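Undergrad: Here is how the chains run, residue by residue.
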Amino acid sequence: MDHAGLVQRLERILGPGGVFHRPGDLLVYEYDGSVDGAVDTARPAAVALPTTTEQVAAVVKLANEAGLPVVARGAGTGLSGGAVAQQGGIIISLTRMDRILEIDREDRTALVEPGVINLELSETALPEGFFFAPDPSSQKACTVGGNVAENSGGPHCLKYGVTTNHVLGLEVVLPDGRVVWTGGRAPGGSGYDLTAAMVGSEGMLGIVTKALVRLTPQPESVVVLLAAFGDMDAASHAVSGIIAAGIVPAALEMMDALTIEAVEPAYHAGYPMDAGAVLLIELDGPTGDVRETADEVSTLCRQAGATEVRTASEKAERDLLWKGRKMALAAMGRLAPNYYLHDTVVPRSKLPATLRRVGEVSKEYDLPIANVFHAGDGNLHPLMLFDRRRKGSVERVLEASHDLLHYCVEVGGALSGEHGIGTEKRDYMTLVFTADDLAAMAGVKNSFDPRGCFNPEKLFPKGYMCGEVRALRAQAMAQKLGIYAL
Amino acid sequence: MVVAVEADLGNLHRYAGHDQPDDDLLRTCVHCGMCLPTCPTYRLTGQEMSSPRGRLWLMKSVADGRLDLLDPIFDEQMYQCLNCRACEAVCPSGVHYGPLVEAARSQLEQHRPRPFWQRATRKVAMGWLFGDGRRLRAAVAGLRLYQRSGLAALLRRSGALKLAGMEELEAMLPPVSRRSLVPGAEHWSSPEPVRAVRLFNGCVMGTVFADTNRAAARVMARNGASVDLPVGQQCCGALHVHAGMMDEARTLARANIDAFEATGDDAIVVTAAGCGAALKEYGYLLKDDAVYADRAARFSARVRDVTEHLAETDLVPPTVPVDRVVTYQEPCHLVHAQRIAVQPRKLLSAVPGLRLVEMRESSLCCGSAGIYNLIRKEMAEDLGDRKVRHVMETPATEVVTANPGCAMQLRASLRRNGSRVKVRHIVEILDEAYGGKQNIDSDGSARAGAERVG
Amino acid sequence: MPSDHSTTATSPASASPPLIDGRVPGQVVAPLDGREVAEALATLASDGLVVAPVGGATALGLGNLPERLDVALSTANLGGIIEYEPTDLVISAGAGTRFGDLQAVLADHGQTLPIEVPRLADSTVGGLVATALSGPRRLGSGTLRDLLIGISVAHPSGTVTKAGGMVVKNVTGFDLPRLYHGSLGTLGVIVSANFKVLPLPRSETTVVAGFPSAGDALDAASRLYRSPLQPVALEAGRFESGWFASARFEGRDQTVRAAAAEAEHLLGGHAERFNAEESQRRWESYLAPQVIETTDDRPDLLVRCAVRPRDAVSLVQGITRVADERRFTISYLGCSMGLGTVMVRGVFLEGGSADALRALQERLLAIADHVTILSAPPDWKWGLDIWGRPPETLDVMRSLKEQFDPQRVLNRGRFAGGI
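Protein chains in written order, with our numbering: chain C, 12 to 497; chain Y, 118 to 571; chain A, 2 to 420.
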């Protein structure tokens, strides 16, 4: 099948308005939200914009026939290169499947198409007294389908959990083009939990065409505390103190001096400019609980050396405090033209040491690094600030990143808390996982997608999935065990 | 392996001449995608090339020699954009999208071969008609005659408008004000003015909506100002900038700077959000003009939208109840380009009896976007219908806005959807709450009402 | 060769081999670590034998009749806390760790893993993950699936692999821990598991109200479910010879007290309050009838039916109807509001048979989305898929099994669709 033939077949499925194939049109599908330099751009052969599940299935079948890879794409806000068609092929953009099909008060669920924007789901559920708990920083733009693919988190997942905790069932187009449901409205279906396998699988196992998600009741009351500290060590101790007291805040975020320096002049959120670190602590629940807990947290912060603690209970005040946090990335433009954002997670008790290491890396590589992150769950977001136009700056950033990732893994951490592996971090997978560990993951991939046509070149280290490596590994395993004669 | 056919990149057209998209500005975009949901054309199409991020990537591709400047896709996308600037307001990296798309259009204007008739119409419409206030007033006088003579009703009944493809255009037009507002001819004042305000007339506001400008003047006079319109002022040039006709825009800008310079630092108040946004960007438009650069920056610093101006003053509480329910449609060039969102709502909340019910997506473009609704009818209608749906979800009997383009687009969209909801400018509501024309003599004791002098 | 297996068990295994659906495995092995488990599995695979992993032996009756059973692999020697950093709110424990021991360690630090199943204390970490059983508290705290953050598993390929980690938020690689959750040991033998833990609630109270009829009890519970109150568990049903509705609240003292008072009001009827340990004991005894029989041939059944939450009340009515029709006496019924599951225990009036069980399952499948025969006399399970309807993704599941356990060494035939 040549390109013209492919386009013709696609147009038969989707109509002429549902297919892009001119070189100029394809240019804009060669990137996602990931950073230039960390993820290579790549152009698909065609882009399909289906409006129905049947169309998605038909395109997948066509891709099989043509021997082409398929890459599913939502809003393209991902930060690990997940939506880039590394081997070309067909991009299936799900942005036109953006209907909220049902909000069910009684079941406390929503049935949505994958292109629905995360925040708009919460806004639609609001009048019914509910919200969709996963709230990644890109929630104004990212889609629920993308959230499912990446198992997105957000500040509030400290209390409410990440996307996988809120997905009850999925309608999925499998790599052979079949449409199936995993999970569903009733709990306790039989067999393996394929919904669990799908969530966070980065588009490598199936394409979600409908998601049945859990809605969370709105809390009765919400309070945000701002606590300022002399340095990040003191702030980290406050974090430990709060957790040790048996308090699980809805969100627990930290910002360092560099971040405050960028944020405060831009948004006047009221962060003390002389603070070495601030914590934003959100508490929610029944009004009485929240009030008592707020007093307790306030005391704990002061005990840990807080120089100032402020409480905001009105929505406008809370929003202002949050604005500084949510727009922190934006404000970095005041400090440097470019940044590279990491997503490592370390055990909470390793936070102070890790932050010190971040400081050392910053000095070693002469690279300003701002810290603004989810302290409650140890999810760091070191922001390396640089100017792309300066020669060698990108290389320096990548080397510093390498050091930092190594360190985080050494102290028992993970490569990514919520952004995904994609192509960006695929070659770091061997820092965390052995060949055997990866073989188990490959087993899952092979059961869903034996031909490897869904989102190739993602998650597994370069060259991992090719036959030669697999054969070598099998041989090594056999030798180790000494039981099979190959 | 199936791959897309590569374009022949050996001999492509690149940016050249004046007004090229600023390369540094272009590269501040890190393609994070936060702009996508705010973009009206992306919301309607769900396609990446119709998003701000996609368009910036296309501009970057032309700069990098990966896409021909004259590739039809580039032309299509640069002009499909409504230039509503909603993307700018949410951009984490602070990309100045407006000037970039305007420069890209200017490049197309300079290098794209256009059929003769297209050039001629553009020249007449943009250059001749909007190039001089008198010509426009004369044209609108003709229109007024058309509306009042019965010819309008006749043509509507006959179906001739439909034949001529003018039906939509005709539906958009509100009843034209009885008399155009001519700079120098009228002014207003409170008995003891504490500030002088120089009103910027605007082409459409000064003609079709002249009575709205008068209402604005009355409201400002009621709040302690003397209001007049400096002679010599012209069209703001926004339409020209949006169309990439930078030279024409600069000529108009210089004329306006000249006209207002004699009035010192007095506020220049505008009733059209589109004009206001353009006037505030004269500094950027003329930044390379040795003679005008500084003067343009000073001019821009004086410009205030009427809602901005009123919200800055200590508002005299209006006393005449307006017992209606309204909803507010935010003009793109007010909320996004000028970031004015709180002030109009604050003013409406000061009106006794009035209830403001917010609609969904109040800051999403209604599809007007200057002359967009004339050249991209289908997309503009889709946006208009979406807007009407949101209006009709509220109990409002009036939509309040602050820009003539929006007013006309809303009116046409409401009518097309069979809605009887009215469209009002925010100053008309305020004027009503101050007693309207009667407020000159309404409060005999204080004599604090607006006074029309001469 | 069988003799090989016993040499891997260098420590004494449990005294008597466990009884699994009336069968006694020929041998019991109890490897000392993950590597030994993997080696044992690899050897069994090469010998074409079939193994059943055994933890606390508290739910061994769960599953289809084994297609074949040669060896029981006990995780008794894989017990113990591997890592616990209270300020990190995470814990890692060996598969053989008794859950009671784990909870005791957590409780010393004011923390907990908020799950409940019958015979919880004697259940093991590995068994709880493999069976994915859960209780009424799922409404407020979710299941172990929500708390499982990392896992280590031994495979018949002779390898031990890990997935996830010791951090609460992690998207590094596919989410295998949750795939193993509820896989009944058919993909590998769990060696250890890591969990996110929660602080113990400061206070807890349970409100129980009695009602004359099923309808009254369900109405009361529905009323409470639709109210702004947020109980962590909300049940209605038949227990200890009467119809009841019951709600459990956790949190700070004052709020719990206020919520309980409000709940009493909403439930009406004759409400009673249970605080702290009393409340816990109340739930333990409530859960006792949900036990999966493992050792005897008692002719009673435990069946779990599930529908979407909004249909739970009509499901209860349906079950009552079907029970009458099939001459099945319900001794216990627990309907979890907001979850859509109904647990039923009872006996056939005429003593029952494989045919009677099959007919009951068929009738229940007509009114519920999922029907699982959790516990039944082994003789009746012959030829029956106790998991109910085969899922439409059965082929993907079979291919998963093929990837992880091509020789079908693990729990052959016991899982859904005969996997």
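Warning: the hint list may mix true and false statements.
Simulated pairs of lysine-lysine, DSS-like, Cα-Cα distance not exceeding 27 angstroms [what the hints assert, rightly or not]:
(1) C/LYS334 / C/LYS170
(2) C/LYS221 / C/LYS72
(3) C/LYS151 / C/LYS72
(4) Y/LYS240 / Y/LYS463
(5) Y/LYS554 / Y/LYS539
(6) C/LYS402 / C/LYS170
(7) Y/LYS463 / Y/LYS404
(8) C/LYS151 / Y/LYS177
(9) Y/LYS177 / C/LYS402
(10) C/LYS374 / A/LYS197
(11) C/LYS151 / C/LYS334
(12) C/LYS334 / Y/LYS463
(13) C/LYS151 / C/LYS170
(14) C/LYS221 / C/LYS170
(15) C/LYS326 / Y/LYS463
Cβ pair distances, simulated, as ranges [stated by the list, open to error]:
(16) A/SER332 / C/GLN314: 52 to 58 angstroms
(17) C/GLU117 / Y/ALA418: 55 to 61 angstroms
(18) C/LYS402 / Y/MET509: 56 to 62 angstroms
(19) C/GLU76 / A/SER354: 49 to 55 angstroms
To spell it out: a stretch of chain Y is covered by chain C in this simulated footprint if at least three of its residues, at any positions, have a beta carbon under 8 angstroms from a beta carbon of chain C; those stretches are [what the hints assert, rightly or not]:
(20) 144 to 157
(21) 169 to 179
(22) 201 to 212
Source of the hints: derived by calculation from the structure; they are not laboratory data. The structure displayed is predicted, hence computed values, not measured ones. Glycine residues also receive a C-beta, built at the ideal position from the N, C-alpha and C atoms.
Undergrad: If you draw a straight line from the CA of C/LYS374 to the CA of A/LYS197, is it 27 angstroms or shorter?
TA: violated (35 angstroms)
Undergrad: Within the region 201 to 212 of chain Y, is the number of residues with a Cβ closer than 8 angstroms to a Cβ of chain C three or more?
TA: holds (count 5)
Undergrad: Sort out whether C/LYS170 lies within 27 angstroms of C/LYS402, counting only the CA atoms.
TA: violated (43 angstroms)
Undergrad: Is the gap between the beta carbons of C/GLU117 and Y/ALA418 within 55 to 61 angstroms?
TA: This hint holds: roughly 58 angstroms between Cβ atoms.
Undergrad: Would you say the region 144 to 157 of chain Y counts as covered by chain C, given the rule of at least 3 residues with C-beta under 8 angstroms?
TA: holds (count 10)
Undergrad: For the range 56 to 62 angstroms, tell me whether the beta carbons of C/LYS402 and Y/MET509 fit it or not.
TA: Once the Cβ atoms are compared, 58 angstroms apart, the range 56 to 62 angstroms for Y/MET509 and C/LYS402 holds.
Undergrad: Are C/LYS334 and Y/LYS463 close enough, with their CA atoms no more than 27 angstroms apart?
TA: Roughly 22 angstroms between the alpha carbons, so the hint for C/LYS334 and Y/LYS463 holds.
Undergrad: Does C/LYS151 pair with C/LYS170 here, judged by a C-alpha cut-off of 27 angstroms?
TA: Holds - the C-alpha atoms of C/LYS170 and C/LYS151 are around 21 angstroms apart, at most 27 angstroms.
Undergrad: Are C/LYS151 and C/LYS72 close enough, with their CA atoms no more than 27 angstroms apart?
TA: Violated, because 33 angstroms separates the two Cα atoms, which is more than 27 angstroms.
Undergrad: Is C/LYS334 within 27 angstroms of C/LYS170, Cα to Cα?
TA: holds (20 angstroms)
Undergrad: Is the hinted pair C/LYS151 and Y/LYS177 satisfied, with a Cα-Cα distance of at most 27 angstroms?
TA: holds (25 angstroms)
Undergrad: Tell me whether the statement that chain C covers the region 169 to 179 of chain Y is true, taking a Cβ distance below 8 angstroms and needing three residues at minimum.
TA: holds (count 5)
Violation of the numbered hints given earlier is confined to hints 3, 4, 6, 7, 10; the remaining hints are satisfied by the structure.
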